[in-house]
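Residue numbers (the UniProt record's numbering), protein chains in the order written: chain A, 1 to 348; chain B, 1 to 285; chain C, 1 to 333.
Everything labelled a hint here was simulated from the structure, so no lab data went into it.
Warning: the hint list may mix true and false statements.
[Said to hold, decoys possible] Straight-line distance between alpha carbons at most 16 Å, and here's what the computed EDC-like set of lysine to aspartate or glutamate pairs gives:
#1 Lys267/C with Asp190/A
#2 Lys174/C with Glu203/C
#3 Lys248/C with Asp190/A
#4 Lys120/C with Asp99/C
#5 Lys156/A with Asp329/C
#6 Lys74/C with Asp160/A
#7 Lys188/B with Asp215/B
#8 Lys50/B with Glu8/B
#9 Lys330/C with Asp160/A
#10 Lys322/A with Asp208/C
#11 Lys50/B with Asp215/B
Owing to the predicted nature of the structure, the values given are computational and were not obtained by experimental measurement.
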Amino acid sequence: MTTASTVKAADERVRSIGLVRRLLLKPELGAVIGAVVIFVFFSLLSEVFRSPSGVANWLDPAATIGIMAVPVALLMIGGHFDLSAGVAIGTAGITTTILTTQYNMVLWVAMAVSLLVCLGIGFLNGYLVVRTGLPSFIITLSTFLGLQGLNVGVTKLITDQVQVQGLADEPFYDGAHAVFAGTISIGGQDFQIAILWWILITALGSWVLLRTRFGNWVFAIGGDLGASRNVGVPAARTTITLFMAVSAAAWFVGNTQAIRLGSIQAVAGFGQELIFIVAAVIGGCLLTGGFGSVIGASVGALIFGMTSQGIVYAGWDSDWFKFFLGAMLLLAVLANRFVRRYAEESGK
Amino acid sequence: MTATPMLELRGVRKTFGNVISLDGVSTSVRAGEVTCVLGDNGAGKSTLIKILSGVHRPDAGELLLDGAPVTFAGPRDALDAGIATVYQDLAMIPLMAIWRNFFLGREPTKGRGPFRRFDSRTARAVAREQLLRMGIDIRDPDQPVGTLSGGERQSVAIARAVYFGARLLILDEPTSALGVKQAGMVLKHIVQARDRGLGVVFITHNPHHAYPVGDRFLLLKRGRSLGDHAKADITREEMTALMAGGAELEELAHELERDPASPAGRVAADLTEEASALGIHPDGR
Amino acid sequence: MTADKKFRKRALIALALAFPLVLTSCTADDEPAASAPAAASGGGGDGYGYTFAAVTHGAAGDAFWSVVKSGVEKAAADQGVQVEYQSDGDPQKQAQLIDAAVNQKVDGLIVSMANPDALKASVQKAVAAGIPVITINSGQDRSAEFGAMAHVGQDEQVAGEAAGQRLRQAGVSKLLCVIHEAGNVGLEQRCSAAKAGLGATAENLQVDNNNLTGAQSTIKAKLQQDSSIDGVLTLGGQMAGVAANAIKESGSTARLATFDLNSDVAKLVQDGSVAFAVDQQPYTQGYLPVVMLTLYRSNLNTIGGGQPVLTGPSFVTKENAAQILQLADKGTR
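Use the sequences and the hints to build the structure in full.
Okay, here's the thing in structure tokens:
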């Protein structure tokens, strides 16, 4: 093989692929550069931001977003959106909390039931998308609205309030708290355990995407559904699994939130779905599917966490936070587009 | 060459409603031979492909596989019989790396249980090696297919079909959208596949592409066979003339050439000539 | 609902509830109506079969507004009237809901005006159509201007200043005011009034109400960034618990106070994490206007004498927290 390639090296068709171009083809590159820039920027502005306690602080919201952004990115690479990803967080937390506090179910059992509910939501989303062929945007928009109503309606019906409280007084709470909302001490600084889960989920997601058959199918159905069906990719199964992965993550985050705060509001998670999508897009996922990175999405979440807290550490008026986010999203998307163009043009 | 044909069509007819797509079409493909199917748009080429690849079943006539009559229930059956079809859209995902495309749907795995994973090292190596065997050196199998040229993409698709055990390749207009150089490359791959003992059905509307590589030519027009010839029985000129519609074309030329001296008449003559040379039917069908 | 159906329903309610009039202490009878509009007032002679509409800006899942709604529902049952409660946080949609109620010719309208200008036209249309309007909760300054009969709510200025003064007494010299709903005039007003009452520096911090763990990190970040902050004021019950956690985690010694109340807040007040809660008694903001509209419709009474009917501030401190906790659990405090 080596001889063949050296012989062939004279062929004008063969081009050398430089390290730069190879790097540029990585979808997460823009996000990684952005994250470094933002870290340096806020570190210069605030001493606390770069201190261990500051890092622990901004990693915390990043972890929550990141745990969701990983499956959301996979789903986007597979060519779909899940607008119900945010409210499903509320549904998960509410289910667990209501079952424990109102129906005296053992916390762990309630969490298992909540997981089943979430997987059911994901399955329903995926099944409807596959069966109807309608855009997932529409299907999950209806799930989003439906769950939003159910979250409030059911909560009010059962508790007469719009939040469920008192989880902290339930048995097994301490154990669940340690698993989902505990802290890990590194060098005297407490870090939320969610950060560890986030890293693990990112690693797992990336492995699945890049190193398994399933991951190959995800790229394929997002890139060209018809073509992938033609070569025998089980598109329906892959799509449904992706939706279920998103809702499983929503289960995780929803339960983390309920256990951490000891209560959950009926509106929890509402509006967050866009943030997950934004994180995935900053991380290099194409809105049209077929291209993207799990690590990139996690870095996107990290950017989110650093910016939301960095603005506070810098002592700026937090009213401007959304504006910065918007500007950053635009920059990220433009950078990604530039990078992809450059990579593809030099490939022609 | 006298062996039983790998696949044979006898008097095949296919209708859709009151439209007769194919009628009385017969031809054969042998191992190590290229059968070219020539015809214009609407000649029935795509219906023929679909019958060969198991998508449609003929209404009349028969299909013989290695000499025995066979009915394909679906594309899967045809695939299992070693018949691989490379469609025009190639069934490749432009944004995905070459090696990922190569093994899409049939990924090699290693490990077991939850650790079963896509054996990417093998996939990369095999994709590279298979393409090398076709004379394409892809330095970086991680390159997205979208960055390849049209001819290279065709080659990847052919290499993929060959690697996954095709004995009979059906190529649907593989050269139609390509420039001269690229088309030449694809033709080279067709010859390579033939030399490796595969049967090839090469569908095209261009006799200049078909003649150099073909061993047998089936000419289709409006669903009917204009003849199924071995290479020895037909010259390129005869074939071109047949393709261009013979008498019809002459008539048209006369009509246009009433006054050969006039510039318009000269243009018409040039056009007709050129059209016939390219194998384009002058009446625009 | 068709008019016919509605009429039948109204008649049924009138039959079923014969004079279940319950007057609350607030409907003091020292302000008899001076003017006497010609409009017929005895629509439901043998029972209060009126139909009122309550259109608020509270989001469907908001704890505060669900208490208001409970108040509305209880008053409706007590008075034997029907109140259609609707809400939308978007001012324009809220205006449309008001227009719809006016079109249905309701007997009275209860409106919360978080964004008065956006609702001006709709409220004035209702007034012009002869529908008595009572504004609740927010929009006190503009209430009379738009022609509303009365305003029931907490004066944000009064409440904010009172909270600021209490914080000063607790020794706070630099205050962080946590705003959980962007663009709400009332919340900004509370913060500036608290600052005035405190007479010292105060800073606002914007957080996301739908992502409480994120809000917690943001508050924590602020406390880490500026260690001179020794007081935190949250403006909603749900945010108090979050701020309490943030203070604990950041190691700050800041005193915490909050507007609004729920059972979690009551518990926090009980255990001392929250110094006090400013309660505007949302239940009464739902309950009173229904009673006032019924009184007006049946007896032409008006309440308040042109001044806002104040439902707060009422302070929940360690002393009364236990009793209020029981009520909060029922969803009426």
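Going down the list of hints, with the structure as the test:
Distance restraint check for Lys267/C and Asp190/A: the Cα-Cα separation of roughly 26 Å exceeds the 16 Å cut-off, and the hinted pair is therefore not satisfied. A hinted pair counts as satisfied when its Cα atoms are at most 16 Å apart, and Lys174/C with Glu203/C qualifies at roughly 8 Å. Annotation: proposed proximity of Lys248/C to Asp190/A holds, straight-line Cα distance about 13 Å (limit 16 Å). The hinted pair formed by Lys120/C and Asp99/C meets the criterion: a straight-line CA distance of about 11 Å does not exceed 16 Å.
Proximity of Lys156/A to Asp329/C is assessed by CA-CA distance (about 13 Å); at most 16 Å being required, the pair is judged to hold. About 13 Å separates the Cα atoms of Lys74/C and Asp160/A, which keeps this hinted pair within 16 Å; it holds. Distance restraint check for Lys188/B and Asp215/B: the Cα-Cα separation of roughly 15 Å lies within the 16 Å cut-off, and the hinted pair is therefore satisfied. This hinted pair checks out: Lys50/B and Glu8/B have alpha carbons roughly 15 Å apart, not beyond 16 Å.
For the hint pairing Lys330/C with Asp160/A, the CA-to-CA distance comes to about 7 Å; that is within 16 Å, so the pair holds. For the hint pairing Lys322/A with Asp208/C, the CA-to-CA distance comes to about 11 Å; that is within 16 Å, so the pair holds. Our distance criterion of 16 Å between C-alpha atoms is broken by Lys50/B and Asp215/B, whose separation comes to about 22 Å.
Checked against the numbered hints above, the structure breaks hints 1 and 11 and satisfies the rest.
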